[in-house]
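S.K.: Sequence:
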Amino acid sequence: MRHGKKFAHLGRKAPHRKYMLANMACSLIEHKSINTTVAKAKALKRYIEPLITKSKNDSTHNRRIVFSYLKNKYAVTELFRDISVKIGDRPGGYTRIIKLGNRLGDNASMALIELVDYNTIYNSGSDSKKKTRRRRKSTKKSDETAAPAVEEAVVEEAVVEEAAPSVEEAAPSVEEAAPSVEGSNDVSKNEDIETNSKDSEKKGADS
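For the sequence shown, the working numbering assigns the number 1295 to the initial residue and increments by one for each residue that follows.
Keep in mind the hints are simulated off the structure, nothing from the lab. Warning: the hint list may mix true and false statements.
EDC-like cross-link-like pairs, simulated, lysine to aspartate or glutamate; straight-line CA separation at most 20 Å [stated by the list, open to error]: (1) K1380 x D1400; (2) K1339 x E1408; (3) K1367 x D1400.
Okay, the calculated beta carbon distance ranges per label pair [said to hold, decoys possible]: (4) I1392 x T1347: 18 to 26 Å; (5) I1415 x K1299: 19 to 27 Å; (6) F1361 x D1383: 39 to 47 Å; (7) K1336 x G1298: 26 to 34 Å; (8) L1406 x Y1313: 19 to 27 Å; (9) D1352 x G1387: 14 to 22 Å; (10) T1371 x M1295: 38 to 46 Å; (11) R1375 x T1414: 30 to 38 Å; (12) T1414 x G1298: 21 to 29 Å; (13) Y1412 x M1295: 16 to 24 Å; (14) R1306 x N1396: 31 to 39 Å; (15) K1339 x N1396: 15 to 23 Å; (16) S1362 x K1339: 18 to 26 Å.
Don't be surprised by glycine CBs; every beta carbon is placed ideally from N, CA and C.
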């Protein structure tokens, strides 16, 4: 039974377990990724992430606290000098565990644990800094989008007004053409009257 078991004992006594995790943490700081079993990787994640959070505030007190866990001054220097700058804007979640399958010898489940910001494959297309998406409704954008629409409507009205006089100008030309047709009809009527009068005169002379 696992009554009161809040962390993985990893089959070791407390001193052995502490030095083993300290050694693994130093290796992770130096190489940025290591291969181990899934149980050890999960234990290491809980061990090293509070130390990385401590490294964000570079003070003598924090350096001494981290050194009491790592027992390696070179790892402490690397953590406070380089890694803290790289992960300065990340609010936690500094490591990633990727399962690799089972080991051939004893069929133990293996995993790769790495520092997230040092993975060039996952972070090649995006910035290493974590960004949040926020939607804000701004009145400026709506005003800017509404203004071109109003301008386009004014332009369309102006185009319609310019096109209307052309229609009105074309109308008198039709009216002017109409009297010419009427005038031609009057001429033809006068010609008919004249011919009729001549015929009547000829008939009168003959009689």
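S.K.: Hints broken by the structure, by number, lowest first?
M.R.: Hints 1, 3, 5, 6, 7, 11, 12, 13, 14 contradicted; others consistent.
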